[in-house]
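K.L.:
Each chain is listed here by its residues.
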Amino acid sequence: MQVEAGQVHGFLGPNGSGKTTTLRTLLGLIRPDGGRMAILGHEVPATLDQVAPQVGAIVESPQFFPHFTARDTLSLLASAGELPEQRVDEVLELVGLRDRAGERVKTYSLGMKQRLAVASALLKNPKLLILDEPANGLDPGGIREMRTLMRDLSASGMTVVLSSHILGEIQLICDSVTIISLGRRVAFGPVDEVLAQHSSGAVRVRLEAAADLPVAATALTRAGVRVTTNDDHLMLAGVDKPATVTRLLAEQGLYVSELAPIAVDLESVFLELTNTAPLPGQHRQVDQSVRVDGAASSAPVGGGWGA
Amino acid sequence: MSLFRTELRRLAKRRFARWMTAGGLVVLVLVAAGMFLSNEKIGPDQLAEARQAADRQHQEQVRWAEQERANCERAKAAGENVDYYPVDCAEITPPPRESIEEQWFLPSTFNFRESFGEMLIPLAAILALVGFVVGASFVGAEWNTGGMMNLLLWRPKRLTVLLTKLGALLTGLLALALPATAAWFGSMWLIANWRGTTEGMTSGAWQSFLITGLRGMVLALVAATVGFALASLGRHTAMALGGAIAVMVVGQIGLGIVLSMAQVRFAEAWLLPTYAYAWMAKTVTLQDWQACNATYTGECEPATLDITWQHSSVLFSVGIVLFLGAALWTMRRRDIT
Chain R
1 MQVEAGQVHG
11 FLGPNGSGKT
21 TTLRTLLGLI
31 RPDGGRMAIL
41 GHEVPATLDQ
51 VAPQVGAIVE
61 SPQFFPHFTA
71 RDTLSLLASA
81 GELPEQRVDE
91 VLELVGLRDR
101 AGERVKTYSL
111 GMKQRLAVAS
121 ALLKNPKLLI
131 LDEPANGLDP
141 GGIREMRTLM
151 RDLSASGMTV
161 VLSSHILGEI
171 QLICDSVTII
181 SLGRRVAFGP
191 VDEVLAQHSS
201 GAVRVRLEAA
211 ADLPVAATAL
221 TRAGVRVTTN
231 DDHLMLAGVD
241 KPATVTRLLA
251 EQGLYVSELA
261 PIAVDLESVF
271 LELTNTAPLP
281 GQHRQVDQSV
291 RVDGAASSAP
301 VGGGWGA
Chain W
1 MSLFRTELRR
11 LAKRRFARWM
21 TAGGLVVLVL
31 VAAGMFLSNE
41 KIGPDQLAEA
51 RQAADRQHQE
61 QVRWAEQERA
71 NCERAKAAGE
81 NVDYYPVDCA
91 EITPPPRESI
101 EEQWFLPSTF
111 NFRESFGEML
121 IPLAAILALV
131 GFVVGASFVG
141 AEWNTGGMMN
151 LLLWRPKRLT
161 VLLTKLGALL
171 TGLLALALPA
181 TAAWFGSMWL
191 IANWRGTTEG
201 MTSGAWQSFL
211 ITGLRGMVLA
221 LVAATVGFAL
231 ASLGRHTAMA
241 LGGAIAVMVV
251 GQIGLGIVLS
261 MAQVRFAEAW
271 LLPTYAYAWM
281 AKTVTLQDWQ
291 ACNATYTGEC
301 EPATLDITWQ
311 HSSVLFSVGI
321 VLFLGAALWT
331 MRRRDIT
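Respectively, the protein sequence lines represent chains R and W. Its first residue numbered 1, the first sequence is counted upward by one per residue in this note's numbering. Its first residue numbered 1, the second sequence is counted upward by one per residue in this note's numbering.
In short, the hints are calculated from the structure, not lab data. Careful: at least some of the hints might be erroneous.
Computed beta-carbon distance windows for the label pairs [to be verified]:
| id | chain 1 | residue 1 | chain 2 | residue 2 | range |
| --- | --- | --- | --- | --- | --- |
| 1 | R | E82 | W | L159 | 14 to 22 Å |
| 2 | R | K106 | W | T198 | 18 to 26 Å |
| 3 | W | A22 | R | L271 | 53 to 61 Å |
| 4 | W | P302 | R | K106 | 44 to 52 Å |
| 5 | W | A182 | R | G157 | 51 to 59 Å |
| 6 | W | T171 | R | E85 | 55 to 63 Å |
| 7 | R | K106 | W | P179 | 49 to 57 Å |
| 8 | W | L159 | R | G157 | 58 to 66 Å |
| 9 | W | L25 | R | K106 | 39 to 47 Å |
| 10 | R | P190 | W | T337 | 27 to 35 Å |
| 11 | R | R104 | W | I253 | 36 to 44 Å |
| 12 | R | E43 | W | L159 | 17 to 25 Å |
| 13 | W | P179 | R | E43 | 24 to 32 Å |
| 14 | R | K106 | W | A326 | 29 to 37 Å |
All residues carry an ideal CB built from backbone N, CA and C; glycine is no exception.
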């Protein structure tokens, strides 16, 4: 896993795949049993104390001493990090907790605690921001604010690593992603490239006359294209260049009214890569996802949510 | 240094620490008030009153002796066989006046020189209790609420963090114990002035009291360290508090009963409070009444065992090394989840 400076990087994986464990290990909370890690060019955990002032992080659910106010909580952290008290007000403003900063954390909703957690991570004005599920408990407005904040921070030169299950958000915010399954990387790279690599090359074709669809299907099948005929359109698979379709049909005297490549989204790529798409009649278990060596996960044996 | 100051601030902000401190101080104030109310200064009036009371007591004894002698003579004259009277009724005599001491009728008075040493023990006990509970809570709540993890994201050197927290705790406790001990000296001195006497105080006596007060503060620091270490080991305040209750109930009361039933010699030597008391009182002499050490006068004296403050210091040192060492070792090794 490699994150370029100044990027927003999505870190994705099914439940239990090891995202939080990876982040905890990176931050020195769990001892690694092997491998190499570096943050901002510093090997960790050996030099973590040198790099820690430049890394802001929240890991998993936000946890704070419930009887302290948000201001006390941040003030103590700022004091431990030798930061000016003024920075506390700045981050409280940034995450929208300015007017509730004097209330005890135990009175906060999950979303407010999440905002406080983000504030604590931003307090250092870090070069690298690691956020594990920052949108947990946020209302829709909060999610949008968080998205804007991430973009602004990235624009200001901050590197952001974001772990989330809200894949639509990740697709909107992130420049690059790493997808893991059962502790191993299954995809990595810029979001566009990852999507393109897993694009099915599907194209939807409509003709001026729907009655010509069977003729068009025959012509395309002869040319080696996989065709699925529908009432008012054809779905084509394995098409490298959509222009080929236009030319083939034009040679038959058939004229295209719509030729639309079917775009894949991150969610479908994620489900495909990790093999975690729900199957009718089956209850997928937490560790049932793809192994990086290609071994299929074991078949579901029942159970699942609430079982 | 910033971490140390932060941890001191955190300790001062902790509501539990404030309440425990306030509770401990209230108990000390109540003890001092009790001392004030239950003692009285001895002056000529009190001495005269005691003399009169002793006279009254003597006269009652005289009347009773005369009445009993008369009863005895009447019974003898009637030929009654009463074995509770002596053969010669004249032997029933009242005690001499001087055997009824006037000091028995004096009100309770606080003699600073004689009693202040003992009064340092409740002070040390309360400070130790506050230290243990606040120490356990200070780090236990941090573990329990995720505060420790947050802090380690800022300051990844784990041992430095834990030891700085301990340093802040002990500094905070000293900041409480020093003025509390000074106030205890002052208030007891005033109470002795108002409700007793401060006569006989020498520089040696003052030095002895000061050293005892110092040992009381050390006891509180030891208790705080052990509470802190236990809670850090278990990552929960309840680990220390539960451990303490278990030790007191099972390890002390239970062990005490078992040792007593087994008629073990010097059973108290196995109990922690003995060492805490020896630490404060310098020496505790245990006696074994099942042994007989004959004296040259033919008396049978019990065998004795002295537990000194040096024994206690060894025990406390071993306890700190064990508990704090284990807490530091696990802090270094464990995964923070």
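K.L.:
If a hint holds in the structure, say so; if it does not, say that too.
P.N.:
Hints versus structure:
For the hinted restraint 14 to 22 Å between R:E82 and W:L159, the CB-CB distance of approximately 20 Å keeps it satisfied. Roughly 51 Å separates the CB atoms of R:K106 and W:T198, a value that falls outside the hinted 18 to 26 Å. Between W:A22 and R:L271, the C-beta spacing of about 58 Å keeps the proposed range 53 to 61 Å intact. Against the hinted window of 44 to 52 Å, the Cβ-Cβ separation of W:P302 and R:K106 comes to about 59 Å, which falls outside the hint.
Between W:A182 and R:G157 the C-beta distance comes to about 56 Å, which sits within the given range of 51 to 59 Å. With their beta carbons about 23 Å apart, W:T171 and R:E85 fall outside the hinted range of 55 to 63 Å. Roughly 32 Å separates the CB atoms of R:K106 and W:P179, a value that falls outside the hinted 49 to 57 Å. In this structure, W:L159 and R:G157 break the distance hint of 58 to 66 Å, their C-beta atoms being roughly 34 Å apart.
W:L25 and R:K106 have their C-beta atoms about 27 Å apart, which leaves the hinted 39 to 47 Å range violated. At roughly 33 Å, the beta-carbon separation of R:P190 and W:T337 lies within the given 27 to 35 Å, and the hint holds. Under the hint 36 to 44 Å, the C-beta atoms of R:R104 and W:I253, about 40 Å apart, fit the expected range. A hinted range of 17 to 25 Å holds for the C-beta pair R:E43 and W:L159, which are about 20 Å apart.
The hinted window of 24 to 32 Å between W:P179 and R:E43 is violated, with their beta carbons roughly 49 Å apart. Under the hint 29 to 37 Å, the C-beta atoms of R:K106 and W:A326, about 32 Å apart, fit the expected range.
Of the hints listed earlier, those the structure fails to meet are numbers 2, 4, 6, 7, 8, 9, 13, in rising order.
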